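Chains as they are written, first to last, in my numbering: chain A, 1 to 241; chain B, 1 to 295.
For the record, the hints were derived by calculation from the structure and aren't laboratory data.
Computed from a prediction, not measured in an experiment: that's the story for all the values here.
Heads up, a few of these hints could be off.
Pairs of lysine-lysine, BS3-like flavour, derived with a Cα cap of 27 Å [to be verified]:
id : chain 1 : residue 1 : chain 2 : residue 2
1  : B       : K251      : A       : K125
2  : A       : K137      : A       : K184
3  : A       : K68       : A       : K125
4  : A       : K186      : A       : K229
5  : A       : K137      : B       : K251
6  : B       : K189      : B       : K11
7  : A       : K68       : B       : K251
8  : A       : K195      : A       : K137
9  : B       : K126      : B       : K238
10 : A       : K186      : A       : K137
11 : A       : K184      : B       : K251
12 : A       : K68       : A       : K80
13 : A       : K186      : B       : K251
14 : A       : K137      : A       : K210
15 : B       : K126      : B       : K251
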Amino acid sequence: MTTMANTQIREDLDIGLQPRTIDMAWTELRDLNSTLQAQTGGEWVIENPRGAHALAVGLQAPLEVTIKGSTGYYCAGMNKEAHVHVTGSVGPGVAENMISGSVTVEGDASQYAGATGHGGLLVIKGNASSRCGISMKGIDIVVHGNIGHMSAFMAQSGNLVVLGDAGDALGDSLYEARLFVRGKVKSLGADCIEKEMRPEHLEILADLLKRAGADADPSEFRRYGSARKLYNFHVDHAGDY
Amino acid sequence: MCGIVGLFLKKDDLRPQLGDLLTDMLISMTDRGPDSAGIAIYGDDSQGLKMTIQSDTPDETFAGLEDNLNALLGAPVQVRVVDTHAVLALPEGSEAEVRAYMAEKGIRIMGAGQSMEIFKEVGLPKDVAARFGIRQMGGSHGIGHTRMATESAVTTLGAHPFSTDGDQCLVHNGSLSNHNRVRRELARKGFVPQTQNDTEVAACYISSRLAEGANLGEALEGTLEDLDGFFTFVVGTKNGFGVVRDPIACKPAVMAETDSYVAFGSEYRAFANLPGIENARIWEPEPATVYFWER
Chain A
1 MTTMANTQIR
11 EDLDIGLQPR
21 TIDMAWTELR
31 DLNSTLQAQT
41 GGEWVIENPR
51 GAHALAVGLQ
61 APLEVTIKGS
71 TGYYCAGMNK
81 EAHVHVTGSV
91 GPGVAENMIS
101 GSVTVEGDAS
111 QYAGATGHGG
121 LLVIKGNASS
131 RCGISMKGID
141 IVVHGNIGHM
151 SAFMAQSGNL
161 VVLGDAGDAL
171 GDSLYEARLF
181 VRGKVKSLGA
191 DCIEKEMRPE
201 HLEILADLLK
211 RAGADADPSE
221 FRRYGSARKL
231 YNFHVDHAGD
241 Y
Chain B
1 MCGIVGLFLK
11 KDDLRPQLGD
21 LLTDMLISMT
31 DRGPDSAGIA
41 IYGDDSQGLK
51 MTIQSDTPDE
61 TFAGLEDNLN
71 ALLGAPVQVR
81 VVDTHAVLAL
91 PEGSEAEVRA
101 YMAEKGIRIM
111 GAGQSMEIFK
121 EVGLPKDVAA
131 RFGIRQMGGS
141 HGIGHTRMAT
151 ESAVTTLGAH
161 PFSTDGDQCL
171 VHNGSLSNHN
181 RVRRELARKG
191 FVPQTQNDTE
201 VAACYISSRL
211 AEGANLGEAL
221 EGTLEDLDGF
231 FTFVVGTKNG
241 FGVVRDPIAC
251 KPAVMAETDS
261 YVAFGSEYRA
271 FANLPGIENA
281 RIWEPEPATV
291 YFWER
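Kindly produce the complete structure, drawing on both the sequences and the hints.
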């Protein structure tokens with residue numbers, strides 16, 4: 001079925017202007033996502049997101065997408081290669097399961113930002129709330145503000161950088177992700193400990209801060225990681241769970 | 001799921017638009033709960049007492065009600081029928097007598113107070129709002145809820161907001177796990193929930209704490225100690241508006257504040273039509289943290 005909105009998008013594409021603009025005031029969500037998913041590149045501007053869910057998901061090519069405003073759940077989910085920039089705030093599950101590319105949010109992010117991400121860079125310029133980077137599997141996340149409780153729960157790989165403070169139970173049941181926090185950590189989760197900041201960590205951190213546009217000195221951060229006591233069940237550690 | 005919206009005006013200029021803004025907010029949350037919808041709206045103070053009542057057979061129930069109440073109280077009473085609801089303007093000091101009359105006649109009381117009116121029914125937000133003409137209502141603050149029922153029946157009385165004392169109302173997204181024990185404790189203190197609904201227990205809890213002399217902030221703080229389960233509560237009082245989330249905070253919440261208003265939504269979508277939202281301060285309320293505003 002070709003909707004009026006879809007026809008309008010096609011007409012806009014035919015003009016060949018860059019960036020191309022899609023106005024969500026009259027575009028169906030599926031038309032937006034199927035149009036973007038069909039592209040191999042180009043600059044795109046999405047106007048009037050009005051908190052809509054699942055905007056710009058499943059992109060698989062190096063598009064440059066700017067969403068002008070605030071979004072709802074699952075913005076830029078399953079991203080591969082694309083660079084998505086949100087000028088407002090995002091709801092729960094931004095950049096969930098990202099493979100590569102980048103997602104940048106100028107405002108705040110709600111729960112489980114960057115959950116299960118395998119790669120790419122997620123930058124939150126405001127605060128991220130609870131469960132940021134839960135089960136991260138290789139993604140890099142840089143939060144300019146604070147993060148909420150249970151962040152990096154069961155994180156397996158990748159880097160979580162926080163310029164502000166972290167909430168309760170940071171890195172609970174952590175595997176091999178690296179957590180860098182400049183501010184206060186309210187409490188560490190089970191099996192998460194502070195670790196020595198070695199030169200290679202300062203190097204990783206400096207690179208991430210630079211790529212995330214964060215003006216911060218790597219030496220001001222502390223590193224947290226797994227004590228590796230909970231990888232396999234051992235009766236002596238039963239009390240740590 | 002369930003969807004919550006709330007709007008507390010800090011200035012008078014938006015007062016005539018309160019019902020219109022709240023209606024748009026509530027309709028935007030329809031996807032979060034299709035079972036029932038309701039709204040509590042705080043309008044102009046009445047001289048005496050306002051009481052909102054409901055009947056499934058309004059034509060029969062409300063016919064002659066004004067005359068009967070006039071005769072009962074020996075004072076002029078006004079009855080404004082709005083679909084299945086009626087808002088009564090009653091003389092001060094008549095509440096106990098009128099409550100007894102309603103109980104005898106089997107008429108449901110949605111709420112009472114000096115400024116609050118409550119309208120709630122089974123159905124979608126757009127239909128409920130249209131039936132009660134919510135868009136045409138003005139006021140200082142209001143709270144709306146659209147319900148996805150999880151633990152008690154889809155009925156008018158199971159719809160939110162719940163009002164358990166004068167000019168007080170509460171809406172809830174979540175589910176409480178210790179409501180039966182708290183229900184028994186509240187009943188002993190004289191705050192007897194009328195339904196089996198968990199949310200009504202929370203409303204009674206707030207009412208009991210306010211009656212004991214707590215302020216709105218202290219009453220909300222108490223929910224973190226005494227109620228177990230998942231909750232985002234939004235509470236209205238005659239002059240106040242409060243928000244609290246449980247420490248796990250898995251039920252979504254977002255707030256917006258400008259010079260003119262404070263707004264609450266389960267999702268940002270609820271704010272899309274608010275004036276000046278593009279320049280509002282937007283934030284997610286912290287877990288186990290009480291927020292309240294009073295005028």
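Structure-based check of all given hints:
no., hint, in the structure
1, B/K251 to A/K125, "holds (23 Å)"
2, A/K137 to A/K184, "holds (25 Å)"
3, A/K68 to A/K125, "holds (15 Å)"
4, A/K186 to A/K229, "holds (22 Å)"
5, A/K137 to B/K251, "holds (25 Å)"
6, B/K189 to B/K11, "violated (38 Å)"
7, A/K68 to B/K251, "holds (26 Å)"
8, A/K195 to A/K137, "holds (20 Å)"
9, B/K126 to B/K238, "holds (26 Å)"
10, A/K186 to A/K137, "holds (24 Å)"
11, A/K184 to B/K251, "holds (26 Å)"
12, A/K68 to A/K80, "holds (21 Å)"
13, A/K186 to B/K251, "holds (22 Å)"
14, A/K137 to A/K210, "holds (22 Å)"
15, B/K126 to B/K251, "holds (23 Å)"
Hint compliance for this structure: hint 6 alone is broken.
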